Amino acid sequence: MVDYAGRGFHLNVCVWPDRVVAAAELLDRNGFALDAVTGMDWIAENEMEVVYDYFHPADSCRVVVRTRVPRSKPEVPTISQVYPGANWHERETHEFFGIVFLGHPNLTPLLLPEDATYHPLRKDFVA
Amino acid sequence: MSLSELLRMLVYVVGVMAFVGLNAAYLVLAERKGAGRFQRRPGPTEVGYAGWLQPVADGVKLLCKQLIVPPGADAALFRLAPLLVMIPAMMSLAVIPFSETLVGRNINVGLVFVFAFGAINVMAVMLSGWASRNKYAIISAARVVSQDVAYEIPMLLVVITMLMATGTMNLHEIVQQQAGWFWHWNLFRLDLNPLMPVTFIIFFTCMLAETNRAPFDMAEAESELVAGAFTEYAGMGFGVFFMAEYANIVVGCAMTTLLFLGGWQSPFGVGSGVIWFLLKMYAVVFTVIWVRWTFPRTQFYNLLNLSWKILIPLSLFTLILTAVMMKVLRA
Amino acid sequence: MSAPEVIPASDKPCETFVLNVGPQHPATHGVLRLKLTMDGEYIMRAEPVCGYIHRMHEKMGENRTWAQFLPNTGRIDYLAAMAYNHAYVAAVERAAKIAVPPRAEYIRVITTELNRISSHLVWFGAFLLDLGGFTPLLYAFDDREQILDMLEAVTGSRLTYCYYRFGGVCNDVDADFIRGCRDFVARLRPRLKMYRTLVTDNIILRKRLEGIGFISQEMCRKYGATGPVIRGSGVAYDVRKIEPYSVYREFDFDIPTFPEGDCMARYLVRMEEMAQSLRIIEQAVDKLPDGPVLSSGVPRVLKPPAGDYCFAVEAARGRFLVRIVSDNKEIPYRVRLRTPCFSNLSLFEEATAGMMLPDALAVLGSLDLVIPDIDR
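Chains as they are written, first to last, in this note's numbering: chain C, 1 to 127; chain R, 1 to 331; chain A, 1 to 376.
For the record, the hints were derived by calculation from the structure and aren't laboratory data.
Since we're looking at a predicted model, the values are computed, not measured.
Even glycine gets a Cβ: it sits at the ideal position worked out from N, Cα and C.
Don't take each hint at face value.
[Stated by the list, open to error] Here are some chain A residues pointing at chain R (derived, C-beta under 7 Å):
#1 Val-31
#2 Gly-133
#3 Ile-203
#4 Ile-204
#5 Gly-211
#6 Ala-353
[Stated by the list, open to error] Cut-off 30 Å, straight-line C-alpha distance, at most; resulting in silico cross-link-like pairs (DSS-like, lysine-lysine):
#7 Lys-33/R to Lys-65/R
#8 Lys-123/C to Lys-329/A
#9 Lys-97/A to Lys-123/C
#10 Lys-59/A to Lys-123/C
#11 Lys-73/C to Lys-329/A
#12 Lys-73/C to Lys-222/A
#13 Lys-329/A to Lys-33/R
Could you build all of it, start to finish, from the sequences and the hints given here?
Here it is, written out as structure tokens:
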């Protein structure tokens, strides 16, 4: 639990990468909607973070689920079978950060050109 | 054929062509001005006095453009299609009586003649769609065929109703029967058929659909099919389609006037003449423009539903009613 | 209400073709491309292809100071720039614990709501244009012109506003603006009634929209669709009510919802929202307190404490979430922009399977997409 007024969300959960699907299923059963999936490059700690935002359509409750993976092997299971809306968000996170979502049906670039092999939001990216 | 007869024909051919050309040009201007007024803006004002030379400028611009035949298209059909739209409209005008005397050829089957030529329009648009080798054009062509077939039927049923009511296919005679005050017009002849106004609305709706005007402009549908069958046309190829659209509107409105609104007959019994014909025709043309800028486009299956489920049964009913009335009243 | 037309199930393979709608097509309003796999006029699969105007705002955010990123936010959804300004400014205020004077909050609400109306008016015109009615566009733009003039006088720009500052707004509003707001409310109310009789109740429009493009509550939830899309499915989800921010708590307004979930419901939601925004503007103008419009204690060089902060607002098209991550430096560590159109469009493929082309384009119009908002 965190202070909503100070941070903008109610519940902050850190999970292991293999538990994100379970977390998504739990939230799905409780009627939460997917807000966004995004990445974060913590280059100092040599880690990548994947952040899942959820909101509830009827209650004032915002949940943030975070997981961290090593930069050398950024792999997280996909939640697109639980939330089909995650499909695009994961594609975007993949192209921007190079985080691989295992089991994703179509992990091709969404916003970048289709032949893009770079990951612009990585902190070590040079144009 | 005597020389004077030949000369008369020649004059008339030139006259019709000028009429169609000027109408097309200035109806475009009228439409743009009218649309402007409907939309709280002035419309074209720059070229010539108050924009009166705008059609000339448009025409010159279109003439200067290259006629592009897309690669892989059927060049012969592609070039033929605009002519096929234009010519039938001009042909129809040959039998349309503008007044007692002003008519190219007063033939006994004038009514059939006009609708026979009107039917070629469909084929021409289909050809242009097919020949363009463009997916949007093909979709548009398919739409045009099903739409025009659907609307040809109630339209012709209405024409048969009118034919039974008037007893002649000669356009001249049809108008002559409507002489006198405006309640002698076919539109108000409730003794022939108490549903005459309904018949008129069916005819007007079908006329809009046949000329591919909004809200039935499925063929162009610019927000769905870019420009439909005309997508690939450039320069005057497109211009001819555009002119043909207006020529067809003129023919359609002229037929509406002849069949229902008493042609050149004055509404007050005296002073009949070409002026009344033109007045009535342009009033109908104005309504067509008005409708276009007021209503959104229909969805395609709603369009077909309207024809097959409402207009055809209704027009069949009026046909039967007219037949019964004739049998009962005249027997 | 007619059921949406669906392809009859057939086990034999049918011949399909691919129709490219866009990136330049009259119905896609910008550079969205739809790859439609069609069977005749029926759509088997509609795959949106985005990214044609991708500008990487999120990377730009990592390369400029907190304040320098502010103009970027007005260029994401250019039709509702105020709400985007608001979300970013408020997120930074939340991080740096900057208090905003009440007058500034009221001005923010008034300008955001004016901007919401102008955005909905553009949608109204453009949507009718998609449906083949050209005239409403010019009527809507006529009304919108007044809003733009008013906002121009206060903010200096007509479209991509950058009016809010950390701790308030950059200019105070004057009496002309207040009078303009009252005049505008008085003007738009009868106009909305006219739109109702002239456009909304037109049988052709109703036939085209009712029962078309059903989007269920469940689909909205799974795809994270928000704004008029989720309210058109009968869920009263509005960030202004559920996570009240700014001074929205103090106003009396309703969240219009329509349970039908079709294009007409989404249409009616937006039309009704304009009326509600008018109510908010009216109340806000009446209650507008005196005082400063910019907090005086804002440091020149902002270094919010480390951590991540979110702020969500109800933009014209739905929930807009800004997540900023600070590492206590002059420039953000990460700016994440969660835009409503992105999520709203992602359900397009599922919502339009088996639909006819014009219906699918009606659905596209009813989602009210602004392409830079998707591509960012």
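We went through each hint and held it up to the structure:
1. Val-31: Interface hint status for Val-31/A: violated (15 Å vs cutoff 7 Å).
2. Gly-133: Since the shortest Cβ distance to chain R is 3 Å, the answer is holds.
3. Ile-203: Violated: closest Cβ of chain R sits about 9 Å from Ile-203/A, beyond 7 Å.
4. Ile-204: Since the shortest Cβ distance to chain R is 5 Å, the answer is holds.
5. Gly-211: Since chain R brings no Cβ nearer than about 11 Å to Gly-211/A, farther than 7 Å, the hint is violated.
6. Ala-353: This hint is violated: Ala-353/A lies away from chain R, its Cβ roughly 18 Å from the closest one there, beyond 7 Å.
7. Lys-33/R to Lys-65/R: 25 Å, holds
8. Lys-123/C to Lys-329/A: 15 Å, holds
9. Lys-97/A to Lys-123/C: Holds: Lys-97/A and Lys-123/C sit about 27 Å apart, inside 30 Å.
10. Lys-59/A to Lys-123/C: 10 Å, holds
11. Lys-73/C to Lys-329/A: At roughly 29 Å apart (the allowed maximum being 30 Å), Lys-329/A and Lys-73/C satisfy the hint.
12. Lys-73/C to Lys-222/A: Between Lys-73/C and Lys-222/A the Cα gap is close to 29 Å, so the pair holds against 30 Å.
13. Lys-329/A to Lys-33/R: Violated, at roughly 60 Å.
Figure legend: structure checked against the earlier numbered hints; hints not met, in rising order: 1, 3, 5, 6 and 13.
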